[in-house]
Structure formats: structure tokens, C-alpha cells
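Trainee: Residue numbers (the numbering used here), protein chains in the order written: chain A, 1 to 280; chain B, 281 to 560.
To be clear, the hints were calculated from the coordinates, so they are not data collected in a lab. All figures in this text were calculated on a predicted structure; none of them were measured in a lab. All residues carry an ideal CB built from backbone N, CA and C; glycine is no exception. It is possible that part of the hints are untrue.
Said to hold, decoys possible - Chain A regions said to be covered by chain B (calculated; three or more residues, Cβ under 8 Å):
1. 75-83
2. 86-99
3. 137-144
4. 191-203
5. 255-265
Claimed, not checked - From the structure, some residues in chain A lie toward chain B, with a derived Cβ separation under 7 Å:
6. Glu57
7. Ser60
8. Lys123
2 protein chains.
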Amino acid sequence: MAPVRVACCQVHLTIGDVPGNRGRVRRAVAAAAEAGARIVVVPELANSGYVFADAAEAMSMAEPVDGPTVSGWIDLARRLDLVLVGGFCERDPDGRLRNSAVVVDATGVRALYRKVHLWDREKLVFVPGDAAPPVVDTAYGQIAAVICYDLEFAEWIRLPALRGAQLLCAPVNWPDLPRPDGERPSEVVRVQAVAATNRMFVAVADRIGEERGVDWVGGTVLVDPDGWPIGGLALGRATTVLADLDLDTARDKRLSERNDVHADRRPELYAPIYRTEENV
Amino acid sequence: MAPVRVACCQVHLTIGDVPGNRGRVRRAVAAAAEAGARIVVVPELANSGYVFADAAEAMSMAEPVDGPTVSGWIDLARRLDLVLVGGFCERDPDGRLRNSAVVVDATGVRALYRKVHLWDREKLVFVPGDAAPPVVDTAYGQIAAVICYDLEFAEWIRLPALRGAQLLCAPVNWPDLPRPDGERPSEVVRVQAVAATNRMFVAVADRIGEERGVDWVGGTVLVDPDGWPIGGLALGRATTVLADLDLDTARDKRLSERNDVHADRRPELYAPIYRTEENV
Numbered sequence: 001m002a003p004v005r006v007a008c009c010q011v012h013l014t015i016g017d018v019p020g021n022r023g024r025v026r027r028a029v030a031a032a033a034e035a036g037a038r039i040v041v042v043p044e045l046a047n048s049g050y051v052f053a054d055a056a057e058a059m060s061m062a063e064p065v066d067g068p069t070v071s072g073w074i075d076l077a078r079r080l081d082l083v084l085v086g087g088f089c090e091r092d093p094d095g096r097l098r099n100s101a102v103v104v105d106a107t108g109v110r111a112l113y114r115k116v117h118l119w120d121r122e123k124l125v126f127v128p129g130d131a132a133p134p135v136v137d138t139a140y141g142q143i144a145a146v147i148c149y150d151l152e153f154a155e156w157i158r159l160p161a162l163r164g165a166q167l168l169c170a171p172v173n174w175p176d177l178p179r180p181d182g183e184r185p186s187e188v189v190r191v192q193a194v195a196a197t198n199r200m201f202v203a204v205a206d207r208i209g210e211e212r213g214v215d216w217v218g219g220t221v222l223v224d225p226d227g228w229p230i231g232g233l234a235l236g237r238a239t240t241v242l243a244d245l246d247l248d249t250a251r252d253k254r255l256s257e258r259n260d261v262h263a264d265r266r267p268e269l270y271a272p273i274y275r276t277e278e279n280v
Numbered sequence: 281m282a283p284v285r286v287a288c289c290q291v292h293l294t295i296g297d298v299p300g301n302r303g304r305v306r307r308a309v310a311a312a313a314e315a316g317a318r319i320v321v322v323p324e325l326a327n328s329g330y331v332f333a334d335a336a337e338a339m340s341m342a343e344p345v346d347g348p349t350v351s352g353w354i355d356l357a358r359r360l361d362l363v364l365v366g367g368f369c370e371r372d373p374d375g376r377l378r379n380s381a382v383v384v385d386a387t388g389v390r391a392l393y394r395k396v397h398l399w400d401r402e403k404l405v406f407v408p409g410d411a412a413p414p415v416v417d418t419a420y421g422q423i424a425a426v427i428c429y430d431l432e433f434a435e436w437i438r439l440p441a442l443r444g445a446q447l448l449c450a451p452v453n454w455p456d457l458p459r460p461d462g463e464r465p466s467e468v469v470r471v472q473a474v475a476a477t478n479r480m481f482v483a484v485a486d487r488i489g490e491e492r493g494v495d496w497v498g499g500t501v502l503v504d505p506d507g508w509p510i511g512g513l514a515l516g517r518a519t520t521v522l523a524d525l526d527l528d529t530a531r532d533k534r535l536s537e538r539n540d541v542h543a544d545r546r547p548e549l550y551a552p553i554y555r556t557e558e559n560v
């Protein structure tokens, strides 16, 4: 299969301005498509913003998966011939708040994922998901999705990787935390590690700007199966990171003549520690 | 507990020169102790070197755990009041070759670990271990050990981390592979990730020089629980990386008011993928 151009849109969102956020995301996606992208990733909670005062405020911005935000993304995917992965504030069919992501293409919603590992005050707002990251067979290859803090749990990322994901897409909202001079954001380092240890591509779309006292680091990045950022780092700029990815290379898990990052695993030895009774 | 000075000795070894290698390691450890180190890490296969022609050659350099190399390390630990972690080419009690590491202190061998994930031609030479990384209760805190390629399996590193390791010591032999300009060795990036995602210290002792066509990257590094290298990078130099570590900080797994890198795990969801029948 020919390389596919992948875009990660680093967008400046505004808490509570749902129509405005939809427009900002739509314009970023359209520009990425214009630049040739066929797979586009946009941030976590891209309809609502992130720093909710409380659950009631989040509920006021939440919408079902067939609401206007995701419907608009399907329209975009159809008109622009895209696979689009994005995060949104979801009100689920039982009326619960979810920090969710969808994978959509011209045929509609291909997968809905609900963030499993919640960050800080998200625990006061959202109900965590309990389903594995989806792996979607798209026109361009096997595409998986997780959300932000999920990336920190390498055992969670193994799941879609072992199921054949060639490109893991991650909508995120990464806060700007202190780091030593010359270092990239620590979240980027951890994404490099999960990419390399699974020999798959990872596409992260972050935010920029400031929201109710939280500065976003703007760490949008595309990482290749060797674990190196490609297409540049977007640090702090309202920009889109683009690269042409040969996703087929992520089918090859070999590291050396006799090594394969997945076949070299020894799950019979790992199993004991994953028993819940041993993990408080 | 007061901070403890930890040293990782980046040594130039010579394949087959077992007495010479013992001397080089002994001098590096003595110098580290002189500089105040109380925990010292030395490379993988520090008695033998790495690039064996075949298993017979490795066997000619192997020794039991009560052989001269480890006995010499116990002597050093006793004389210099150290905890020493190092790798050696072991002939086990059944006469099989093992890529092993020991944790020794003044009382003797506290733990023997046999590398579980073998790299490339090691598979032609060594029998892999099948026991979990040890976590040793030392005078300075809980110290664990793994060897080189083991570090690439985050699920394996969880094991000692969940059992309370505050400092993970890793004797390694990292080959010098191509990397983009300005990037540190990819192995260092992955060590940063396992340190940060477990909020523990990691101490890696690598080699330098060239051996039968293999160049060693000399990636010796100490990483803190935030995932940042401390004490500098040793890249390519015959040097020792030293830092004073407050190992007690690695007992605190909190990331935010409501986050804890271990308590946030959801092992009940990870368990299915660690069943061996699903992992070919």
C-alpha cells in the first residue's frame, strides 16, 4: 500500500464555546485535507474544552455520539475522503458523562472508545470506560485509538498493538509541566517508547493556549516505529504536524535477525502480575 | 533515609580477557566507592565480554555464581561497604549458560537474576531465565535488577515496580545503532519511560568501545522518577555517572491530587491479553 499522509491538528479550543470549537476543528481538518492528509487526528474533548468547573458544566456541553460534533466529523470525512479520529465530551445512552473518542470515515462511526484511565479531576466528572481500545480496519490500514493518560499504561497500549494496530491515534490535552532545559515534554518521551516497543506509528493531537489557569504544552507529535518524531514538533504553535507514513512497515515487528518486539514477549511469565488480586 | 550516592560504571571490556575484565570492573567500582558511591552498577557480561563466536567460546568464559567474578564483587562490597549490581556470564548448576546478574552486598549474594528476554545471537548461546526480577531489601532501599533487552518489555518492568522497587538497576550492552541528529540513544528514551510510568529510579551501566564489529553506544544513564536523566549522559566515554538519589521519593507514586501511576492501573482490563493462549 502507498504511504498515506497523516495530520495531527494542534488546535486552540475555548472552554464552553462548543459551536466555536466545532468550527476551529472543522477548519483545521479541512486545511489538513487540502494539504493532502487522508488520516486526521484532532484533540481530546474537542467540542467542549477541558477544565470544567464541575460535572454539571460538562453535562451542559456533552452530546451523544450521534450529536452535531460527530455528525459534522462524518460529513467532513465524507466530503474530504478522510479517516478522522477525535475526542469529544459524550453523554452516553444512560446519561453518563464520558471522555470519548471516535474513529469515523465516509461510512460513519467506525469505533467509539471511552477513556479508561482518567486524569485528576476527570474522576469527578466522567465515568471511565471499560472496553479495549478499538482497532479499525480502514482503507489505509489498521487504526487504533486511545486518549491521553491511557498512553502512560504500556500494558494497555499492548492490547491494540497485539491486535494489529499499525497507527495508534491519540487525542490528548497535555498540561504544560516543568521540565529540564532542552528536554521535550515527558509525555512525548513516553509516546516514543510505546511506538518503539510495539514498532507501530503513533499520532498525537494536542492543544495550545491557556484555559482557566492550565497551560497546554502543545506536544502534538507523529512518532515512527523506531520511536523517532517525524514531521517536526509542534511545540506551542497552532499548527498541524504532517507526514507521509508507510503504515505497512508497522506490520514488521522484527528488531534483528532473531528479535521481534511482540514474539519476544513472554506472557506466560507476565500473567501472574496481571491477576487483579495481586494488584491493589 | 538520607540520599544515597549511586554510580553506574561505563567500562571498556575485552572479549575473552576475563582476568583483565575483572580488574577493569574492580578499578571502576573502587573509584566509584572513593567518590562516595554506596550503590554501584556495572555492565552486562562484565566478566566475559559479549560478542561470542559460539556457545563453546561463551562456556570457556563462564563461571558459577560462586566463582571468582562474583566472589570478587562480594569482597569489594565488604571492603567498600557497597551494594553492587553487575552482569556476568554464568554456568548454572546444570551446566547451562546464562546471561545473569547479581545483587551483592557485604553479606554475600542477595539475588541472582537470569535474563528473560534474549537479544539476537544470545538465543544461540544462553538459556533464558524464567524467574521474575528480584527486589532486594538493602540498607539503602528496595533494589531490583534486570538485564538490557528486558527493559524493552514494560510489562516485565511492572513486576519489580509493583513489588516496591525504588531503584531498578540494569547492566546492559547497548549496540550503537543509527539515530537522528540530536537524539539520544533510543534505549535511553525507553528507560526514561519505564522510570516515569513507575515513578522509580533506574540506573543503567553500559559499555564503550568496539568488539568484533559491534560498537557500543555507551548510554550509561541514571533516570529519576520523573523520567529525566540526572548526573549527565556518559555517551561514549569511559566514565562513571554519579548522582545522589533520595530513594524514598520513589515510594510516592502520586502524579497529581487524584493520580497514582500504580493505583490508576486497571489490571482487571489488562488480564485478558496476558493469557498465553491469546499471545502467540
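Trainee: State for each hint whether it applies.
Mentor: So, going through the hints one by one against the coordinates:
{"no.": "1", "hint": "75-83", "result": "violated (count 0)"}
{"no.": "2", "hint": "86-99", "result": "violated (count 0)"}
{"no.": "3", "hint": "137-144", "result": "violated (count 0)"}
{"no.": "4", "hint": "191-203", "result": "holds (count 5)"}
{"no.": "5", "hint": "255-265", "result": "holds (count 8)"}
{"no.": "6", "hint": "Glu57", "result": "18 Å, violated"}
{"no.": "7", "hint": "Ser60", "result": "23 Å, violated"}
{"no.": "8", "hint": "Lys123", "result": "5 Å, holds"}
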